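Colleague: Letter by letter, the chains look like this.
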Amino acid sequence: MSRAAILAKVRAALKVEPAQDAARRAAVGARLAGAGGHLVPARARGSGEELVRLFKSFLGAQGTDLIEVAARAEIPGAIVRYLEAQNLPLGVRTGSDPNLAELPWADAPDLVRECGPARPDDLAGLSRAIAGVAETGTLVLASGPHNPVTLAFLPDTHLVVVRRETIVGSYEEACGLVAVELGSARLPRTLNLISGASRTGDIGGRIVMGAHGPRRLAVFLVG
Amino acid sequence: MSPAASPFASRAANALADLRLQRALADVPGGFVAARARAKAALPEFEALRRTGRDIKDHALGHLDLYLEEFERNATAAGTNVHWASTASDAADIILEICRAAVARLVTKSKSMVSEEIGLGAKLEAAALEVVETDLGDYVIQIRGETPSHIIAPAIHLGPADIADDFRRHHSHLPQDRDLTSPAALVAEARGSLRPKFLGADVGITGANFLVAKTGSAIIVTNEGNADLTLSLPRVHIVLASIEKVVPTLDDAWALLRLLARSGTGQEFTAYTTLVTGPRRPDDPDGPARCHVILLDNGRSELLGTDMREVLRCIRCGACMNHCPVYCSIGGHAYGSVYAGPIGAVLMPALVGPQEAGELAEASTFCGRCEAVCPVEIPLVGLMRRWREISFRQAPGWRSRVLLRGWAFLVRRPRAYHFAARLGVVLLGGLGRGRGAYASFPFAGRWTRHRELPAPQGHTFQALWARRQRGEPR
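Read top to bottom, the protein sequences are chains A and B.
Residues 1 to 223 (this note's numbering) make up the first sequence, in order.
Residues 1 to 474 (this note's numbering) make up the second sequence, in order.
The following block holds chain B by itself, in its conformation from the complex (with noise of 0.2 angstroms):
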């Protein structure tokens, strides 16, 4: 464990460096943190609901071959496609058809973090499509060249003056002296220029919020209502959606959107929540003429199998992320991977295996704030510590290795670890009498390098501890 030397410590200390991101995230905690509190102080349930929450997602997941089964079939009833893909390829080559069979030109997509996570974009593009992302934060990551920051608010990095340069650079067409100088220009000028994409596109893909099994219906939540016009207008629509989205009934799916909103953004609920269930029913004015779901595997029942199945969980509010404090200090993109934060850190060392992704775990105080808000009581915290174990057997340098291993020695032994705090305390103190403080310290150059180590005083916690409780005064 070498940090200062792996891609992602640097990616954090630029980040922490970096005054415009350090800007942008500053108002995360008065943003959606303050106003995840005000929704829950405003819902005696909550808590309650948390449980039930957890409970559903458990159940759906124990039975989940037969949900999927249920799912196809009242899907397939109401008139949907449904396709199944074990793998990200699979999913792009299943969707890639579906556009070629419709000629499609242009493709609309609504914010969807499984087609993040297969790189679905690109792989348009490449076979020639025009690609347009609908979400605002995600059309502002697009014209960038980036990837989303945050699950639910992608370009949460960003100011708005970072935005007005890239309009300026991007929409080229309209007067270069224009005013964008306030967010409501910035939202006028991307929905003039994203009307003419959703009316034009020939194909729209969508994510799932949840899948419905018994009544074959796939349930997407919008703010801007991008999703709606995005599956409303193409002559297709594509849902794409990893398999552990499917919840038993409506019943289900209600208790967990009294949950989503209320820990992602604060809202009581969000604007736009939609049922869709099959194409356009023969006598309908409007809809799209085809409908298909793709079923995506991508590692999920690997992860099904083993201890760590919580994960799956997850509803992808984005409230483990909002909370963290490593998160709100370097952002998402410093994890380098598609999911960050601390549902990043357990996810993605199953996604992409522990070598690639297991230091991302290493990104956490265990403060346990992120499995405090968790709407489905994910333990993130005992699971980034196993992701830890996994990644200290596997790969470990000898400097960690020795001193975890001598820390672990003490720690199981409450004698020699309290003989060895005495001596510490002793020999520390005695020493650093002088000043109170060390300068440098051999092992500790990258504390010393920024601040002083205090100089141990008097005696050990658990010496002052046990003359407290036997009432004697300090």
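Bound-form chain A, shown alone (with noise of 0.2 angstroms):
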């Protein structure tokens, strides 16, 4: 009943002519259909290793921690030699991305690594993210079967590995790789586009670190 309310008075508020239906429906489909994208920054259309010295710069603007691997076989020992040097115990909680699994872990026998969402005393999340964003130093991770979205926000320490390759210049580009990846239009339940762990000015005006999610970042880029 609201509904019909709602959009009766809607129309009436814009003066809606019948005779205007027609264009007007069509302007709209013409903009769903992907008419008139807007101006991307000049920063977003650089050459690929200057995306990603931009990408780094951010990360380090942020606070975020950066790992630069060369190879994928190096991840799980970084992850190892990063949470010593942090001071923390040899543990993730990971989801089944493939991506992940099949990386040498036996090559890093004593680090824990356990399977699924996450659980409230997980001290650290390992994640993947699709793409990198270069204009602003933003990480975009995709929640899915075997990509729980919760190992992103309630573990005090964030790991992210990210594929060089997958540095693109802007938001837009990013989400023509979510699209690749996942194979059709639909969003997954959540895209999460994450600049930096979580952070409060709210009180005083300071930044703290750590406001409820995750007290550091760390982004692992390889290749």
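Keep in mind the hints are simulated off the structure, nothing from the lab.
Please read these numbers as outputs of a predicted model, since none were measured by experiment.
Just so you know, not all the hints are guaranteed correct.
[Claimed, not checked] Below 30 angstroms or equal to it, Euclidean Cα-Cα: the simulated DSBU-like pairs (lysine-lysine) are:
1. Lys123(B) / Lys9(A)
2. Lys123(B) / Lys40(B)
3. Lys197(B) / Lys56(A)
[Said to hold, decoys possible] Listing some non-contacts, in silico: residues in chain B with all C-beta distances to chain A over 10 angstroms:
4. Ile56
5. Trp84
6. Met113
7. Thr134
8. Leu257
9. His333
10. Phe409
11. Val411
12. Val425
13. Ser440
14. Gln462
Cβ atoms here follow ideal geometry from the backbone N, Cα and C, with glycine treated the same way.
The two chains are supplied separately, each in an independent frame; assemble them into the complex guided by the hints.
Modeller: Below, the structure written as structure tokens:
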């Protein structure tokens, strides 16, 4: 009942005439079909190497830790070294994402790796980003059967693996990579754009890390 | 118009005399304002993006009926239950019914100005639900029984010492002598207190920064990650959003998101920007089983039909209040309304009526900084002026009516204005020659109570200007 009333009031307010109906629907249809892309900042249109440099500089500005590894096989060892350097226990919670599951975990025998959605006492969560956005140093993560969303928010430390060739300039391009990976236009339940660890400025205007979500974010850039 | 007697004026006077408040507000220019300037300087396309933002919102508002239907269609296809609410109480009733059906006991909430607008917290508590605000600023406000004083920094009127006192009182199970001097200690304590609430909540309620028609998604932006815990852990997620939040496509949302954080906090991008589309999917390992979106009208459709439609472009960044000399002098609570600052001054009279809130439009020097920084180019000064005109027509006091009529008569007649100005300069200049200033003056008692009124010296501005144009010495 409210639905019809609200839509009728909106149409009355917009003074919609029946004669305009076709033209209005055509304008909306064209817009939804993707007509009229908007201005994308020039900084998002650099070469591959420039974009990676920009991405890394924004991570630094956010206070995100960056660990670069030459090959995927080096990730387990790099995670162990990072956790040790932070004085954290050698344990991570992760999803069943095949990109992570097939890594040579046997090379890091001391690392306890548990699978599934985050639990309240998990200290570190490990996720994979589908893309990294250079224009603001933003990681793009999709929830799904193999990628619990809670890994990014409940544990104190969030570790994210992202491949160098998936660093793109803009949010628009990152969405393109998401669509390719998921093989459909339908978005996952959550698409998480992450630009740094949890923070707040609500007390005295000073930025404090670890408001409710992770206190620290570490990006493992591969390749 | 007798400002001394109005509740707004007395709240403003109290705010100006409140040293704690003044100390807290003193940080705004160095904080948000400087950060926005840096973010704008780092993005050469910023001004062009403001025009893009304006055009996107105008297009969306001009086709709002069709985009709402498109949103509903796509959200429903993703498994979301879409509800329509004409009024504040309709929306509250729908939310209560969802909570009842979920046999909810504990509800977590993430920042939502629309929920403040409809008084949701009190209505849920009246139904015996435990409601916990999870944005840190909102949490502090809830403990204090206050309302937010800023749309993105709800506790901006408080200093760390105030919050430490509140935490000692509220978290009475913790040792009284604990150290709460640093913001970090306060944040850690709030984190510890809120964790069990996040984990135990049955229903999570969030607002939405944008709704995307094409994908049926809600976009929710936070720095703390509290919205993400609120929308991932409970069994039910409710999005409460007003109808003007809908934009056509993700590309439109990206353009607006490039403006939002830079304008508000001055960040390049907010830490967490989350696109939520429906409840958990069949094979998802976590997420809520149900997702509801409530589309609230509450006065927007009326506003859409007026010449103040531009107000509905607002993306709630807070830049207008950060840059407002009046807001930065009196803070948000003095406005006595849900939305404060310049956006509050144009939105509140539309939402609750000019009799109730028309006076807020008087709280401006018309310096124009608000509309110069607005990311969607809302003509805030012109809109405040229009509310002043409406208030003037409706119920002015005799004094302001006579003065404004007289003023209007003169400024429309340059010769008469010039004559009156010359008369004033000659008379007042002559009478006040002795001291150069008046210590008291008829009808100007409120000025001369605090400072002297300088006596005019020499000539009118027009006369000086004319002489200068002729190239004569001043």
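Colleague: Just checking, His333(B) versus chain A, shortest CB gap more than 10 angstroms?
Modeller: Consistent with the label, His333(B) stays out of reach of chain A, its closest Cβ about 16 angstroms off (over 10 angstroms).
Colleague: Check the non-interface label on Val411(B): least C-beta distance to chain A beyond 10 angstroms or not.
Modeller: 35 angstroms, holds
Colleague: Are all C-beta atoms of chain A more than 10 angstroms from that of Gln462(B)?
Modeller: Given a closest Cβ separation of 45 angstroms, the condition holds.
Colleague: Determine whether the non-interface label on Leu257(B) survives the test: each CB of chain A must be over 10 angstroms from its CB.
Modeller: The claim is violated: Leu257(B) sits with its nearest Cβ about 7 angstroms from chain A, within 10 angstroms.
Colleague: Does the claim that Thr134(B) lies off the interface hold, with its Cβ farther than 10 angstroms from every Cβ of chain A?
Modeller: Nearest chain A Cβ is 7 angstroms from Thr134(B), so the label is violated.
Colleague: Check whether the Cα positions of Lys197(B) and Lys56(A) lie no farther apart than 30 angstroms.
Modeller: Measuring from Cα to Cα gives roughly 36 angstroms; hence the hint is violated.
Colleague: Is it correct that the beta-carbon of Ser440(B) has no partner in chain A closer than or equal to 10 angstroms?
Modeller: 43 angstroms, holds
Colleague: Going by Cβ atoms, does Met113(B) stay more than 10 angstroms from chain A at every point?
Modeller: The assertion about Met113(B) holds, with a minimum of 15 angstroms to chain A.
Colleague: Per the stated criterion, does the least C-beta distance between Trp84(B) and chain A lie above 10 angstroms, as a non-interface residue requires?
Modeller: Incorrect as stated: the minimum Cβ-Cβ distance to chain A is 4 angstroms, not above 10 angstroms.
Colleague: Is it true that the CA of Lys123(B) sits at most 30 angstroms from the CA of Lys40(B)?
Modeller: With Cα atoms ~41 angstroms apart, Lys123(B) and Lys40(B) exceed 30 angstroms; violated.
Colleague: Hey, Lys123(B) versus Lys9(A), does the alpha-carbon distance stay inside 30 angstroms?
Modeller: 27 angstroms, holds
Colleague: Is the nearest CB of chain A more than 10 angstroms from the CB of Phe409(B)?
Modeller: 37 angstroms, holds
Hints 2, 3, 4, 5, 7 and 8 from the list above are not met by this structure, while the remaining hints are.
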